[in-house]
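Working from the sequences, and respecting the hints, build out all of it.
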Amino acid sequence: MTKTMGKKMFERPTITRLTPGMPSKHGVGIAVASIQFIDGLKIDDLIEKYGSPLYIFSETVIRKNVEDLKRAFTVRYPKIQIAWSYKTNYLDAICRIFHQEGSWAEVVSGFEYEKAIRNGINGEHIIFNGPGKTEAELLKAAKDGAYIHIDHFDELFLLAKVCQVYDVTARVSIRVNMDVGIYPKWDRFGFNFENGEAWDAINRIMANPQLKLMGLHTHIGTYIMTTDAYRIAAAKLSELAASVAQKFNHYIAYIDMGGGFASRNTLRGAYLSGEDTTPSFDDYADAITSAVINSQIKPDKLPTIILETGRALIDDAGSIAGTVIANKRLTDGRRALIVDVGVNLLFTSFWYDHKINPTQTHSGLVEETVIYGPLCMNIDVIRPSLMFPPLKVGDHFVISRTGAYNNTQWLQFITTRPNVILIDTNRQTHIIRKAENIDNLVQNEEIPPHLVK
Amino acid sequence: MKVNQSIAISENGFVFNPVTGDSFTLNNTGMQIIAMLKSGKTIEQIKEALLSEYDLDALVLERYLQDFITDLKRNYLLLEE
Amino acid sequence: MDRKKITIAITGLNNIDSPGPGMPVVRGIKESTIFDARIVGLAYDHLEPGIYMKEWVDKTYMIPYPSKGKEVLYERLKEIHAKENLNLIIPNFDAELFSFIKLENQINQLGIKTFLPTLEQFEERHKSNLPEYGKKYGVNIPKSEEAFSMNDLTNILRSFTYPVMIKGKYYDAYKAYSPEQAQAYFSKLSAKWGYPVIVQEYIDGTEVNVIALGDGKGQVISAVAMRKQYITDKGKAWGGVTISDDSMLELTHKIISQTKWRGGMELELIRTADSKLYILEINPRIPAWVYLAVGAGQNLPEAHVMLALGMDVKPYKSYDIGKMFIRYSWDMIVDIEMFSKLVTSGEL
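Residue numbers (my numbering), protein chains in the order written: chain G, 1 to 453; chain R, 1001 to 1081; chain A, 2001 to 2348.
There could be a bad hint or two in this list.
Claimed, not checked - Below, a sample of chain G positions facing chain R; criterion: calculated Cβ distance under 10 Å:
hint, residue
1, T16
2, R17
3, A136
4, L139
5, K140
6, N327
7, L365
8, L386
9, P389
10, P390
11, K392
These aren't lab readings, by the way, just hints derived from the structure by calculation. The beta-carbon is built from N, C-alpha and C at its ideal position, and this holds for glycine as well.
And the structure:
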């Protein structure tokens, strides 16, 4: 919309009924302040140039996050390696920023493995996780010298067979699951610590000259808000490492603590804001490094700690900007806002109460609002309830901390996906994934001859 | 259509309906419109006044004014004559 | 002796049927022989009665709910501090304590004192952590487990007998006599307070409570034991009497000296027929019946203020046995202009 000189901005007129317990202007405070800029660039201008909705990534924030994570660990521990978790966001430009910062690649499929190779990472810097690796993928990874993290006994036997048949050796690690005192227990991945399965797997690997035990891996869950769970996990892996050293006189090169660090988003159902309750990198680092240092592992044999942190590094570097399509009044009196960002683009709205702010200033008055996406589906709800100022059709808003999982778990449902842009450290913008068009989407479809005419 | 004369509106946008006991808050634009309604202006006059003051499209105004008037009626703040 | 002038901000002005401790704390402070306090109320809801009790609360400001995040709260406190020059803040809600503890350094740097438990003390006495706590400090705790989902609840209930207590993360507790009831309460509590919901063994016995104040170094400054005489349908004491029970006070001393508890606390206990004491809950703040302690000779709010200001406080050694409190309700008459002013300006 163009702005006529000399005239005031119009805010939609509202009247809001007061009910006991409803926060006043002051009760809500700056929580719905406007966010007008990302890295100094006006969001409204970005939408004008690149369309709405729009994914926006900040290179500055990504690099700063990596730096913060590295600093938190390196001040406490001598050897740290970050491996970028491809599944969290595998847009090539994003991965390359992490690789420039020295991150290896952590992949969980042949597709992600290929992506990492194409991004210039050699096999020796790839960690290959996941329960579903094929025979061909295992062979390639073994030949490339990737770290293959074995998930279950069938995979262990398959890999042993591959090594024998093709006469190759593989660098391996096992994924270990364990009780770290949190819910839910992730026991579907890896070998169990408590029942001796992990120790059994280690013994089988050590007995096979074609399998080189390089490390031990665990991944205790996702969005872990308690650092104590990491302390327990690191202690248990260290205990295994010490047992390996004692029995086989073999010192593993690394302990991989997986991912799971929380970002500052607020989980649905949480009463307190994630901005307050999420532990800092320092909190996590303290728990993990002290457990390893205080273990039975000899000080001169301390393994590298590998971190597969995904969400906590990328979530707050990504935002989605969008536009109001319509206003409605629901029969129960609540205001409903229909916007052009749906769950197809913001998959994470199923588990977060995402932070949403208008991009223009407003009077401060807010009312209870439901925010719906544009899909013709009942589950398309971005926020079931929040206090929000009155926006007009065409007004813009920005949803923060959307960088993790939304560009990998997005759904191509009833429409195409929009532009993804990166703001570099010089505040220049770059499209890193072009908006799709119908030709992109139908190019793999084929029409049988009898349906052509 | 006229504003329910018994309602009390404070200068900072607090509205009390003494018949129903409900209270409300208005934003600045809402206050401005109620003030004009109270002074006896017609909807057409209100539209004119707003269009000359704000950077605003007539269609957009139509839409939100309609919405606002409906809210007022729903809450018995505006009565049909 | 001239009383010391001081400005104290206090939350919990909701002295309703399930009352917050704010007003009784104000009463204790107003009766102090040491302090001449100006009371600044901090309210979340426009209808918290204390806001309108002008003879007790000199001025009230609305503050944002804890769920809005601590930074928003901090900004608002700074605004209020600029106008009021606060000496001290006494937060009184469980749900807000986390934010205040996290903000403690920042608040202290503004020149405002606080006297709060440490984050570690606050976390380890959480309902969900109580079983661990019992083991660590050697005290009796009813068996309890955390449920994060309906499925979880069903599994957990298998190892319990009915009735069973279903409790919210911060507040509210219900006695369930069947799995269906337990499920209904689970839904209600998780919607209101989030996860986990706590499933706790029901212990039959007499409900007794202790109010206490720890100096943060292991010393008990004040402790008064009370038996609830009348309990509302919300589980709140509507009447109670001070009792002389050495085992309850010993338990209090044991907990405060071991944990070096800092600030006010309440122990909710059950005494069983065979005279065993179980800890049901440890509340990390002053309870709403604090004025009974004042009436029985221990002005705990005053002592709290003294500790916060770094003054020397002599521990109370005794209190009157057989003092009762009988709560009553009272209808204030307020003009809607006051309400209107509060709603639109955020202060009154």
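Hint check:
Because the closest C-beta pair between T16(G) and chain R is about 5 Å apart, less than 10 Å, the hint holds. The beta carbon of R17(G) comes within 5 Å of a beta carbon in chain R, closer than 10 Å, and the hint placing it at the interface holds. The closest approach between the C-beta of A136(G) and any C-beta of chain R is roughly 59 Å, which is over the 10 Å cut-off, so the hint fails. The restraint placing L139(G) at the interface with chain R is violated, with a minimum CB-CB distance near 63 Å, outside the 10 Å limit.
Interface restraint check for K140(G): the shortest CB-CB distance to chain R comes to about 59 Å, outside 10 Å, so the restraint is violated. Interface hint status for N327(G): upheld, as the beta-carbon distance to the closest one in chain R is roughly 7 Å, under 10 Å. A distance limit of 10 Å between C-beta atoms decides the matter here; for L365(G) the minimum to chain R is near 4 Å, and the interface restraint holds. For L386(G), the shortest C-beta to C-beta distance to chain R is roughly 17 Å, which exceeds 10 Å, and the interface hint is violated.
About 8 Å separates the beta-carbon of P389(G) from the nearest beta-carbon of chain R, less than 10 Å, and the hint is met. About 7 Å separates the beta-carbon of P390(G) from the nearest beta-carbon of chain R, less than 10 Å, and the hint is met. Interface restraint check for K392(G): the shortest CB-CB distance to chain R comes to about 6 Å, inside 10 Å, so the restraint holds.
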